[in-house]
Amino acid sequence: MNNLTQKLLIELERKIKAFVPNPMYPHDVFIVITLHEAIAAAKEGNFGVGAVLVRENGEIIQRGHNRVFKPYFRSDLHAEMDVMTKFEEQFKNIDSLKGFILFSSLEPCPMCFVRLIISGVKKVYYAAIDQNGGMVHRLEYVPPEWKELAQRQEFALAQCSSELRDIALKIFLSTVNENDKKLQNRSLLLGQHSRCQPLPLSSA
11 MNNLTQKLLI ELERKIKAFV PNPMYPHDVF IVITLHEAIA AAKEGNFGVG
61 AVLVRENGEI IQRGHNRVFK PYFRSDLHAE MDVMTKFEEQ FKNIDSLKGF
111 ILFSSLEPCP MCFVRLIISG VKKVYYAAID QNGGMVHRLE YVPPEWKELA
161 QRQEFALAQC SSELRDIALK IFLSTVNEND KKLQNRSLLL GQHSRCQPLP
211 LSSA
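So in the numbering used here the end of the sequence shown lands on 214, straight run, no missing numbers.
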């Protein structure tokens, strides 16, 4: 992480800590939590995205953030996936997520969108739109089966202050270039790694 990114994250974290939730925006308090998680992700060298799962009464059940690169590479651990995986491992006997809400600092990507559809989380709200990688605003391109399942749930922009949307997007964008390069390099390096070489074909 370069000095400019570090300085930006310090400034954004200062703004988050100083932010006072606006009663006009009921989701402010939860989006602030996702932003603290997003900052943690960015500082670790991951994509700067955070998420939190709450009950409809406001009780915080699980929180998490993107952990794709640190502490070790996990291709599945986007913020929403981190939260849902920890939740499902802890609460193995819950059959319905009708009374649960997931908040994310960024619009879910295709992988997370499908995971959240499968999970059955009743409501999913996100602070910032991801124009390049988000899937919610591209619902029309989802296969019919997934689109039909998604009708059971609500996916929408969070009712939060514009300042929080701006912070959420800035945290994410501050981590995109460096981590996109890591992903691009990974696909090149895997084939060169001795432990990832294809097995020889059997002569039988």
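Calculated from the structure, these hints are not laboratory results. Model, not experiment: these values are computed from the prediction. Incorrect hints may have been included.
No farther apart than 27 Å at their CA atoms in a straight line, the calculated lysine-lysine pairs in the BS3-like style are these [unchecked claim]:
hint, residue 1, residue 2
1, Lys80, Lys108
2, Lys80, Lys17
3, Lys17, Lys191
4, Lys191, Lys27
We went through each hint and held it up to the structure:
{"no.": "1", "hint": "Lys80 / Lys108", "in the structure": "violated, 32 Å"}
{"no.": "2", "hint": "Lys80 / Lys17", "in the structure": "holds, 21 Å"}
{"no.": "3", "hint": "Lys17 / Lys191", "in the structure": "holds, 21 Å"}
{"no.": "4", "hint": "Lys191 / Lys27", "in the structure": "violated, 31 Å"}
Checked against the numbered hints above, the structure violates hints 1 and 4; every other hint is satisfied.
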